[in-house]
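Each chain is listed here by its residues.
2 protein chains.
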Amino acid sequence: MNRTENFDLKKYLRERAALVNEALESLLPPSYCKTGNLDEVMRYSIFPGGKRFRPILTLACAEALGADPLKAMPAACAFEMVHCFSLVHDDLPCMDNDDMRRGKPTVHKAYGEDTALLAGDALVIEAFAAAAKTRVEDRPEAVALLVKELAEASGCLGMVGGQILDMEAQHHGTDKEGLLKVHKGKTGALIRGAARAGAIVAGASEEELAAITEYSEILGLVFQITDDILDYQDDPDPVSFPALFGLEESKRIAAEKTERALQLLEPFGERAVPLAALAEYLLVRTV
Amino acid sequence: MNRTENFDLKKYLRERAALVNEALESLLPPSYCKTGNLDEVMRYSIFPGGKRFRPILTLACAEALGADPLKAMPAACAFEMVHCFSLVHDDLPCMDNDDMRRGKPTVHKAYGEDTALLAGDALVIEAFAAAAKTRVEDRPEAVALLVKELAEASGCLGMVGGQILDMEAQHHGTDKEGLLKVHKGKTGALIRGAARAGAIVAGASEEELAAITEYSEILGLVFQITDDILDYQDDPDPVSFPALFGLEESKRIAAEKTERALQLLEPFGERAVPLAALAEYLLVRTV
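Quick note, the sequences are listed as chains A and B, same order.
Plus 560 on top of the position in the first sequence (first one is 1) and you've got our numbering.
Plus 560 on top of the position in the second sequence (first one is 1) and you've got our numbering.
Hints should not be assumed to be uniformly reliable.
In silico contact screen, one side only, chain B against chain A (beta carbon under 8 Å); selected entries [what the hints assert, rightly or not]:
hint	residue
1	L598
2	L630
3	L652
4	V684
5	F688
6	V696
7	D698
8	K708
9	V799
10	E809
11	I813
12	A815
Read the hints as simulated data drawn from the structure, not as lab findings.
Ideal Cβ positions, reconstructed from N, Cα and C, are used throughout, including at glycine.
Just chain A, same shape as in the assembly:
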């Protein structure tokens, strides 16, 4: 058993988020490209930011496999940049047409639609620049693996693919299988990729990578189920777990899958306590 009772997850998340913010700050400082207002707009979409869940996951997975988590930092930040890029483009008028995000005007509301489009484009490109900055001694080929992982998680095989499926599901409706496919892409792929990136930096064996992969797939699923449940009362989305599986069944699946995730972490011992605490937290979170 991983001992999570004595582990202060909130403190851990706060400290790791601060490290991620520091690294993002050094990857995209205020005078990074000095081109028009691009630095300002890219930074507007990245700071102050949210919980930094994906990059923290990358660091925690590297750590669980015995690596110095800081070695995984550029790759971790790459996943956060892709996440932020996706929010900027998702908010655009031709997509969700949202005016507010994290308590402030969305990028296109603050800077115009053309600038938001280009700043999003610039951000996803910087994500790859960040991933390529990861230095793994004696394994320079790891960079190619990280870039491949980031692309598969982000693009048509991952997040963007899920967004296309979500658009179709919103227009034409979907079933349980369709919903699972939407979320496997839209939210799952980036969480899975972020976790695997940490494992790649740590030089994971095939078994270790398989365990981290399954763990992260569960994490993404439970993240989405609890998200859907939290949203359901305010805004019942027909493409959501409570709508298609029912509330009780959704909760049962989340609890059962979380058990499995904790099992998968057992071989990693104490070093995987943050990952275990994270899985337990996602199941019971109320925000």
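We have chain A already, so just place chain B on it with the hints.
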């Protein structure tokens, strides 16, 4: 002197474009992601395509430095994918709002604005996946250099930065210096990066890389000057070389710079004949 008189550039370009198309076809086959209509839309923006100028440049630079040009093919295709992605997003209503591109409806006209946005996003991400597929024996660290090159050429430090500057110049006007900066980013950066990627695959020395870099910067400049001159009579753009430098001075700069480009290629001998012929052609082209 590089002997270009007996070199059949048209045949060379045609043959190389066919090889590039074959490689793009295998990187993005019709059932690549099998997700909604994404394969169809991405392929719509890539095929049949234009002259494939950027990827051909990558191959020719690798060849000029003594490498098998086919080794540079994934990186070459990456630059073409970024070029196609930029056209899709440039055509969007919030940007140039174009209805037609290369004799067919633009992507958003054919598939809707949301799908065009996401397909563009997917394409730029696939460009990085392609770059990471480049295999350089004994130098696995070359992949990190290629990804860095692609990101710098495409993002806020390159093409996207140039697009932002162009938007500002279109709104507020610009001077000679501003125009040079716009084009250095908007068209120059991708041409420069494509050339340098070929040199990186070939394991260029510092001197060789410097020569290829300067050559490619000239190529981008002359490409833009002749483009501006060709467009000028139909549609006089205030942010263009003939408008800001005058027609005669623009032609003089292009001719003088082309001389310098040919000089830079001399040390590479016969293997650089395609690069020399390309520079001469860009100066005198009428389409």
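Right, here's what the structure says about each hint:
Evaluation of the B/L598 hint against chain A yields a held restraint, the C-beta minimum of about 5 Å falling below 8 Å. Look at B/L630: its Cβ only gets to about 18 Å from chain A, farther than 8 Å, so that hint breaks. Given hint, B/L652 at the interface with chain A, holds; its Cβ is 7 Å from that chain's nearest Cβ, closer than 8 Å. Checking B/V684 against chain A by beta carbon gives a least distance of about 6 Å; that is within 8 Å, so the hint holds.
Annotation: interface hint on B/F688 holds; nearest CB of chain A at approximately 4 Å, less than 8 Å. Among the interface hints, the one on B/V696 is violated; its C-beta lies about 10 Å from the nearest C-beta in chain A, farther than the 8 Å criterion. With a cut of 8 Å, the hint placing B/D698 at the interface with chain A is violated, because the nearest CB-to-CB distance is about 11 Å. At about 5 Å, the closest approach between the beta carbon of B/K708 and any beta carbon in chain A falls short of 8 Å, and the interface hint on this residue holds.
For B/V799, the shortest C-beta to C-beta distance to chain A is roughly 14 Å, which exceeds 8 Å, and the interface hint is violated. Violation of the interface hint for B/E809 is found here, the shortest Cβ-Cβ separation to chain A being roughly 27 Å, above the 8 Å cut-off. Of the supplied interface hints, the one on B/I813 is violated, with its beta-carbon coming no nearer than about 24 Å to a beta-carbon of chain A, more than 8 Å. Proximity of B/A815 to chain A is violated relative to the hint, the smallest CB-CB distance being about 30 Å (cut-off 8 Å).
Consistency with the previously given hints fails for numbers 2, 6, 7, 9, 10, 11 and 12, ordered from lowest to highest.
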